[in-house]
Amino acid sequence: DAGVIQSPRHEVTEMGQEVTLRCKPISGHNSLFWYRQTMMRGLELLIYFNNNVPIDDSGMPEDRFSAKMPNASFSTLKIQPSEPRDSAVYFCASSFALAGGVQETQYFGPGTRLLVL
Amino acid sequence: AQSVTQLGSHVSVSEGALVLLRCNYSSSVPPYLFWYVQYPNQGLQLLLKYTSAATLVKGINGFEAEFKKSETSFHLTKPSAHMSDAAEYFCAVTNQGGSEKLVFGKGTKLTVNP
Numbered sequence: 746d747a748g749v750i751q752s753p754r755h756e757v758t759e760m761g762q763e764v765t766l767r768c769k770p771i772s773g774h775n776s777l778f779w780y781r782q783t784m785m786r787g788l789e790l791l792i793y794f795n796n797n798v799p800i801d802d803s804g805m806p807e808d809r810f811s812a813k814m815p816n817a818s819f820s821t822l823k824i825q826p827s828e829p830r831d832s833a834v835y836f837c838a839s840s841f842a843l844a845g846g847v848q849e850t851q852y853f854g855p856g857t858r859l860l861v862l
Numbered sequence: 002a003q004s005v006t007q008l009g010s011h012v013s014v015s016e017g018a019l020v021l022l023r024c025n026y027s028s029s030v031p032p033y034l035f036w037y038v039q040y041p042n043q044g045l046q047l048l049l050k051y052t053s054a055a056t057l058v059k060g061i062n063g064f065e066a067e068f069k070k071s072e073t074s075f076h077l078t079k080p081s082a083h084m085s086d087a088a089e090y091f092c093a094v095t096n097q098g099g100s101e102k103l104v105f106g107k108g109t110k111l112t113v114n115p
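Protein chains in written order, with the numbering used here: chain A, 746 to 862; chain B, 2 to 115.
The following block holds chain B by itself, in its conformation from the complex (with noise of 0.2 angstroms):
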C-alpha cells in the first residue's frame, strides 16, 4: 500500500519568499509522485509529476520538485512566492507505471502575505 505525508497543513509566506512544502511517501514499490494545485473553488490541477526520469522536476508558474529516494521524500519549491501562489496542494502517488490508484496526501494550504 502506498501513502503520502505532507508536514504542515497549513504554510505562511511572504510574497517574494522562498516557497518550501513538504511531501514524504511510502511505497513498497518505485513510485510516481505529483503535485496538484486547487484554486478556491475550483477543481485540482496537474504543477508536475515524477514518472522515473530525472529526479529534478520542473513545473508551471516557477515550481520544481526533487525525488529523493534516500529521503522518500518529494518536496516542492518555488524560489520566490507571488500572491497568485496562493492556494491547496496536494501531494499524491502510485505505483511506477501508475497502473494503481492515485494516493492524495492531505493537501496544505499556502498562504502569501504583501
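Extracted from the complex, chain A is given alone in its bound form (with noise of 0.2 angstroms):
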C-alpha cells in the first residue's frame, strides 16, 4: 500500500491568495483527519470525516478554512483567503472505524508545508 498521499508536498503562496490541499487516504479506511501542526500549537484536529461525511469539525480555525471528502479516496483542505499565520505543516490521515465509531490506528501522511508570505 502507498500509504496516505498529500499533495503539494511544498506550498508557498501570498497573502489573500486561495490554497488547496490534498489527500488520498489508505484505500478501505473509512475515517479521514486533518491536522494542523506549528511550533507555538503543536499538533491540533482541524476536522474529520467518517464514511465521507464530517463528523468534527470544531477544530477549524474560522470560516476561511474549508474542508470536503467527495468519495472515499480524497479529500481537500481549502483555505481562501490565506494569511501569514496559516503558515504550518498541515498532515492528512486516515483509519478505520468500526461499527459504533471505534477507531483503529491513524495513518499519517507526510504533510504539506505551507508558508504564506
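Treat the hints with caution; some may be incorrect.
[Claimed, not checked] Derived BS3-like pairs (lysine-lysine); straight-line CA-CA distance at most 27 angstroms:
#  : chain 1 : residue 1 : chain 2 : residue 2
1  : B       : Lys107    : A       : Lys823
2  : B       : Lys102    : A       : Lys769
3  : B       : Lys107    : B       : Lys70
4  : B       : Lys110    : B       : Lys69
5  : B       : Lys107    : B       : Lys59
6  : B       : Lys59     : B       : Lys102
7  : B       : Lys50     : B       : Lys102
8  : B       : Lys102    : A       : Lys813
9  : B       : Lys110    : B       : Lys59
10 : A       : Lys769    : A       : Lys813
11 : A       : Lys823    : B       : Lys102
12 : B       : Lys50     : B       : Lys110
13 : A       : Lys769    : B       : Lys50
14 : B       : Lys107    : B       : Lys50
15 : A       : Lys823    : A       : Lys769
Think of the hints as simulated: they come from the structure by calculation, not from any bench.
Two chains, each in its own frame: build the complex with the hints.
If you want it as C-alpha cells, here you go:
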C-alpha cells in the first residue's frame, strides 16, 4: 500500500491567495483526519470525516477554512483567503472505524508545508 | 474532556543511555494511549499503543511504555538509545474504544549525542 498521499508537499503563496491541499487516504479506510502542526500550538485536529461525512469540525479555525470529502478516496482542505498565520505543516491521516465509531490506528501522510508570505 | 501533558519539550541523552520520555494523561473515562514518533520532515508513525490489555506495551525499535492508572502516566522508555532514535515523540489519548478524537501532547524532541 502506498500509504496516505498528500499533495503538494510544499506550497508557498502570497497572502490573500486561495490554497488547496489534497489527500488520498489508505484504500479501505473510512475515516479521514486533517491536522495542523505549528511550533506554537503543536498538533491540532482541524476536522475529521467518517464515511465521507464531517463528524467534528470544531477545530477549524474560522470560515476561511473549509474541507470536503467528495468520495472515499479523496479529500481537500481549502484556505481562502490565506494569511501569514496559516503557515504550518498540514497533515492528513486515515484510519478504519469499526461499528460504533471505534477507531483503529491513524496513519499519517507526509504533510504539506505551507508558507504564506 | 481528555488531555495529555508531556513533561520536557526537549530531552537529550547520550548514545547507549536510557531513554525516558514522560507522558501524563487526564481522562474521565478509561483511556486508550498512544506514542507516535515523527522523524524530520515526515508524518507521524505509531510506535505503540495501550488498549486495555497488558499494561506493559512493547513497540517498534525497542521502545516500550507502561500504563500506570494510579499515576495517570504512560511513560516511554528504551534501555539504550541509538542515534537513529533522534526525533520528536508525541503521546496521545482517546477514550477506551477509540470513538472519541485523538488528543495529542505538545511533543518531546529527543536528541541523541554520540
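**Report entry** Hint check against the structure, violated hint numbers in rising order
**Finding:** The structure breaks none of the hints.
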